[in-house]
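> Sequence:
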Amino acid sequence: MDYIKLGWRNLRRNARRSAVTVLAIAFGYAAINLFSGYIHNVYAGLAEQSIKGERLGHLILAQRGAFDEGKLEPGKYVFSGAEFARISALLAHDADVELVALKLALNGLISNGTASTIFIGEGLDPVVTRRLNGSFGRALGAQLDPARPAAGVVASDLARLMKLDAGAVAVLLTSTLSGQTNALDLEIGGLFNTGNAGTNDKFLLLPLTYVQRLLDTDGGDRIIVLLKDTSRVETARGRIAGALAAAGLDLELRSWRELSAFYEQVKTVFDMIFTFMVSIVLVVVLTSIVNTMSMSIVERTREIGTLRALGMNRAQVVTLFAAEALLLVAAGGLAGTLVTLFAMWAVNRAELSYVPPNISYSVFLQVDFVPDVMVLALLLLALVACAAALLPASRAARLSIVDALGHV
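Number 409 marks the last residue of the sequence shown (this note's numbering); no jumps.
Among the hints, a few may not be true.
[Stated by the list, open to error] With a straight-line Cα cutoff of 20 Å, these simulated DMTMM-like cross-link-like pairs (lysine to aspartate or glutamate) come out:
| # | residue 1 | residue 2 |
| --- | --- | --- |
| 1 | K164 | E188 |
| 2 | K72 | D219 |
| 3 | K229 | D97 |
| 4 | K229 | E55 |
Treat the hints as calculated values from the structure; they're not laboratory data.
Work out the full structure: start from the sequences and follow the hints.
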């Protein structure tokens, strides 16, 4: 028996009701697709901000205990230059590793000659910084200049607060790792945006050699590992941890997701919103199909009796209504896909921008095309549709042939 052909004829017979159900499915499906595309874009942006904007890289190495107690005794957890060279040589043989860099954090006071305020900062090799930041760093503003070893770049809000601009000179005051006070002049090489509202009014990005002079050390407190592919973080992490242990190095290894300022928090919130929205869409689709199937069964009770009298068994009756539900989902999925593509094109072309919470720069509202989520959503809707058709169809199939034929 051709259930699809029969189901299509039945849906056409009640075209208006079927159209309303198809529209409900289409707009619900489009809403899922658009929101999943939006949060996919947000997650990608947050990942880039963490890996490149915060200069975390993909993996971060530190001495054992540094992540928990490093702020209390920073000198105790510093890698020496020789240790970094050994680790760098070890990681250079890993096929997934693109870059290994030494980083040194500091904090203290910055003065413009008339006023002072606190700052936090970090030192990185200028060449490494450009490779680590890539095009993302250039979009946020000035970068370190390899030809100017005493010039740093200042977060834009801090520069405005201290009335500093490119070419000005400031003084940094801090304590060395041994606890002695030290100060150095700093040339302002330019301004940049950290991307984080919490640090844009207090952050300095400095050449590594400058910070080492200021803290009186030849090492750093973190080793950044940049991979060629973000999707291979966990695979590379396990392999690198094994290589370090085999070399007798007792180090802590964490991923960018563990150390990012806000990635996991934002992802958790958006995942909850997405789950809630999908639940609402599924309930709407469920009730729409149950309503459509129930009304159809009431109107077609005598038809069902006739089909049973002609030899159709109960399972075939249920299959017929399930086929109708799947046809509704197929039509709604097709219409929803067209709505999704049009809305996606319109939103992306409009170049709308906004400033997200805790971010210090505006971003474009973009919707990504995520085919795997679209397929999964359509399969989920099909499953819900079959379940929605099951109850009224089973009830109809249990009617006796005599009662069904005599139904008025």
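> With the threshold set at 20 Å, check whether the alpha-carbon distance from K229 to E55 stays at or below it.
Roughly 18 Å separates the two Cα atoms, so the pair holds.
> Is it true that the CA of K72 sits at most 20 Å from the CA of D219?
19 Å, holds
> Would you check the hint for K229 and D97, treating anything up to 20 Å between C-alpha atoms as holding?
6 Å, holds
> Going straight from one Cα to the other, do K164 and E188 come out at no more than 20 Å?
This hinted pair holds, its Cα atoms lying about 14 Å apart.
When each numbered hint is compared with the structure, no violation occurs for any of them.
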